[in-house]
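K.L.:
Each chain is listed here by its residues.
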Amino acid sequence: MAEATMRIFRGEGETGKHVDYVVPLVPGMVVLDAVHSVQAHQAPDLAVRWNCKAGKCGSCSAEVNGRPRLMCKTRMDDLPLDQPVTISPLKTFPLIKDLATDVSWNYRVNKKIPPFQPRPGVEWKMYQRDVDRVQEFRKCIECFLCQDVCHVLRDHGKKDDFGGPRFFVRTASLEMHPLDGADRVPLLKKTLGIGFCNITKCCTEVCPEEIHITDNAIIPLKERVVDEFYDPLAKLWRKIRGAKTA
Amino acid sequence: MTPKYESHEYDVLIIGAGGAGLRAAIEALAHGARVAVVCKSLLGKAHTVMAEGGLAAAMGNVDKADDWKTHFRDTMRGGKLLNNWRMAQLHAQEAPDRARELEQWGALFDRTDSGDIMQRAFGGHTYKRLCHVGDRTGLEMIRTLQDRGVQMGFDVFMECTITRLLKDGDRVAGAFGYWRESGRFVIFRAKAIVISTGGIGKCWKITSNSWECTGDGMALAYRAGAELLDMEFVQFHPTGMVWPPGVQGILVTEAVRGEGGILRNKDGERFMQKYDPKRMELSTRDVVARSIYTEVREGRGSPHGGAFLDISHKPAEYVKRKLPSMYHQFKELADVDITKGPMEVGPTCHYVMGGIRVEAETGQSSIAGLFAAGEAAAGLHGANRLGGNSLSDLLVFGRRAGLAAAEHAKKTTAPAVDQGQIDEAERELLAPFERPEGDSPYQIHHDLQETMQTLVGIFRNEDDLKKALAELEGLKERAKRMRVEGSRLFNPGWHLSQDVRNMLIVSEACTHAALARKESRGAHSRLDFPKTEEEWGRKNHVIVDRSGEMTLFEVPRPEIPDELKQLLAEEAVAAK
Chain A
2 MAEATMRIFR GEGETGKHVD YVVPLVPGMV VLDAVHSVQA HQAPDLAVRW NCKAGKCGSC
62 SAEVNGRPRL MCKTRMDDLP LDQPVTISPL KTFPLIKDLA TDVSWNYRVN KKIPPFQPRP
122 GVEWKMYQRD VDRVQEFRKC IECFLCQDVC HVLRDHGKKD DFGGPRFFVR TASLEMHPLD
182 GADRVPLLKK TLGIGFCNIT KCCTEVCPEE IHITDNAIIP LKERVVDEFY DPLAKLWRKI
242 RGAKTA
Chain B
22 MTPKYESHEY DVLIIGAGGA GLRAAIEALA HGARVAVVCK SLLGKAHTVM AEGGLAAAMG
82 NVDKADDWKT HFRDTMRGGK LLNNWRMAQL HAQEAPDRAR ELEQWGALFD RTDSGDIMQR
142 AFGGHTYKRL CHVGDRTGLE MIRTLQDRGV QMGFDVFMEC TITRLLKDGD RVAGAFGYWR
202 ESGRFVIFRA KAIVISTGGI GKCWKITSNS WECTGDGMAL AYRAGAELLD MEFVQFHPTG
262 MVWPPGVQGI LVTEAVRGEG GILRNKDGER FMQKYDPKRM ELSTRDVVAR SIYTEVREGR
322 GSPHGGAFLD ISHKPAEYVK RKLPSMYHQF KELADVDITK GPMEVGPTCH YVMGGIRVEA
382 ETGQSSIAGL FAAGEAAAGL HGANRLGGNS LSDLLVFGRR AGLAAAEHAK KTTAPAVDQG
442 QIDEAERELL APFERPEGDS PYQIHHDLQE TMQTLVGIFR NEDDLKKALA ELEGLKERAK
502 RMRVEGSRLF NPGWHLSQDV RNMLIVSEAC THAALARKES RGAHSRLDFP KTEEEWGRKN
562 HVIVDRSGEM TLFEVPRPEI PDELKQLLAE EAVAAK
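Heads up: the sequence lines are chains A and B, in that order.
So for the first sequence, my numbering puts the first residue at 2; every next one is plus one.
So for the second sequence, my numbering puts the first residue at 22; every next one is plus one.
Simulated from the structure, these hints should not be mistaken for lab results.
Where a beta carbon is used, it is the ideal one built from N, C-alpha and C, also for glycine.
Hints may be right or wrong, so weigh each one.
Residues from chain B shown here face chain A by an in silico Cβ test under 10 Å; the list is partial [claimed, not checked]:
no., residue
1, K66
2, A67
3, R157
4, M179
5, P266
6, G270
7, Y463
8, E506
9, G507
Start from the sequences and build out the full structure, keeping to the hints where you can.
P.N.:
Laid out in structure tokens, this is it:
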């Protein structure tokens, strides 16, 4: 029977190393299956998060051969199996154990974003053309791969000053909701630090939901920040019109 | 309280953060209760997130003739009249308000041309009734509820597992559990508890369920003395993926058929014509699952033991827009382009209609202060659930349970927590570490899944069910000697040892009830008793712990009032 070597990170807190496990291959196997096989037969205490194994929950994020991916959507037969498959935890977040990291920072950032706030007296009618672009953002399954790959967080550690792509997508979903009346533009500039993003599009590349994070969320939000803070005419015009949509 | 434990005190403790738990939490908060939500995974990852097709609510946005009465009738008929009629009535009446409420909290459903919530056809529903967002309705719902709850200020204890309910005399007093990350113990004192832990699908080998669906809440309630109801009724969804083996069981949404998908066997025959010529592919799930299974058993299956499901006659762009995750799922996992050719599908364990026995209006169980809602509770769906009725169930009865729990907490004094129960819970949790040898929980889980898959599946008979009970006895003995390696720090083997204990309880309950019901009804098909018997339609099975013995007895099904009986006898106006 064909086999593959899984080189899986094992460790806690600050320390650890990659350990090789050989697993039998099954047709259609995904990386998460291989990790489960290791768990069931070789390393019962191997820590890994997963839930649906169908690409819908965003739990099994890891770095497979150095690339941030969902393990449940990464097929073994798409990887070069003549060499070990390296699996590491997300680098951007503190390690708990093995492949599980502490992603609680994301939940704290989320709390800072003002929720959906319908405009007063609004009529609950919306048309598909108006909700299409917001539905794209609401596809997000919070796998945090975009946060993991973003160099502002990953290499520069700006967690105190920067919200990361996930929360620009979330803010965009609220800001562009056809019936929303709250203003999150100051938040984007100050708290979420959208200016740190220099649109390298790494987040878009790794998004398993294929959300056009940079083009459809971040850039339009950056434009709103520019309009609000650096373009007094546009600001005045919006005040007169009373509408916040660009 | 012993200081060596982390301890918290709340009015209402909610166990499980799927749709029902979150909706219960929101309602309890709105009524002034202090609320904690405990969940095994990260917030937003509960099994609700996987729901695809939609939320059934008779809003009449597409088919104007729809109303609660038709929804009630569809639900009761789908459940082969074994449903709790009052739950079916409340559900049908309140679902539209619950759907609109989600929209007011920020959910964005697909739209009709006139700007309302779009609704699609689904099996067993007379009219186009399912509010949906493509094929990711569950994600939209859980995200909306999660944001609402966070904004209202509930405390969430993520990655925390409850292993035991604590009691003060005959009422609940709180719960004992551990943090999955650190392995440290935690105690919750609460005046009321809502169980919303979902289903039991992980007892079967081929299942659409996530790892969390291990019957925890039902087992917790059962061990605390509560009654379980209708446990023989387990739904096998007709369409799971069958190939490649790595993806076996993953759900293929009923929305594929709702949007016009056609089922064929290997000879190209549209076989639903034989089994339900009137409703065809949109027959109820029990019928479609049995039909596919029968085709395969009689040698007319697809190459990998399923049926062909084809939507490729619809325009490719339409398929990609209405069924985006199905398109990607098949393309990425099975190398199949569903806009060009058929999928191979077969039955997968999906849902349990049975669960904790509760009062219709409040979700109150047989124990004071203990409530249940969603899949963990029983009654609404009877012998078979209609697609789309689960998401609406979560909202309608999650809200009702949260409200009742908050009201209960207002009326009651703080319960006392008994140290003896805590010590026992702690001993039980640590025991698997202390055994020098024994089976691994992974091995026991694997063997349990084999037993349930082979002997307690879609078609059942007395010999198989008796054999299953004998095998379950063996597994229970092995589970008592289960051994766990490693430390308490984020140790999935240890976590599974707790889940296995719960799965053994619910598996046994299911098998006992299946053996006792000597007829075929809805999702329960007995080869040795193939007919649906009127007499059996008047009773439900209750399972309860009597001094350590799992005991089963019959209770009369609540009598349907005459005006509703009248409704059930009528026929709806055909949809346009």
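K.L.:
Okay, which hints does this one fail, numbers in order?
P.N.:
none
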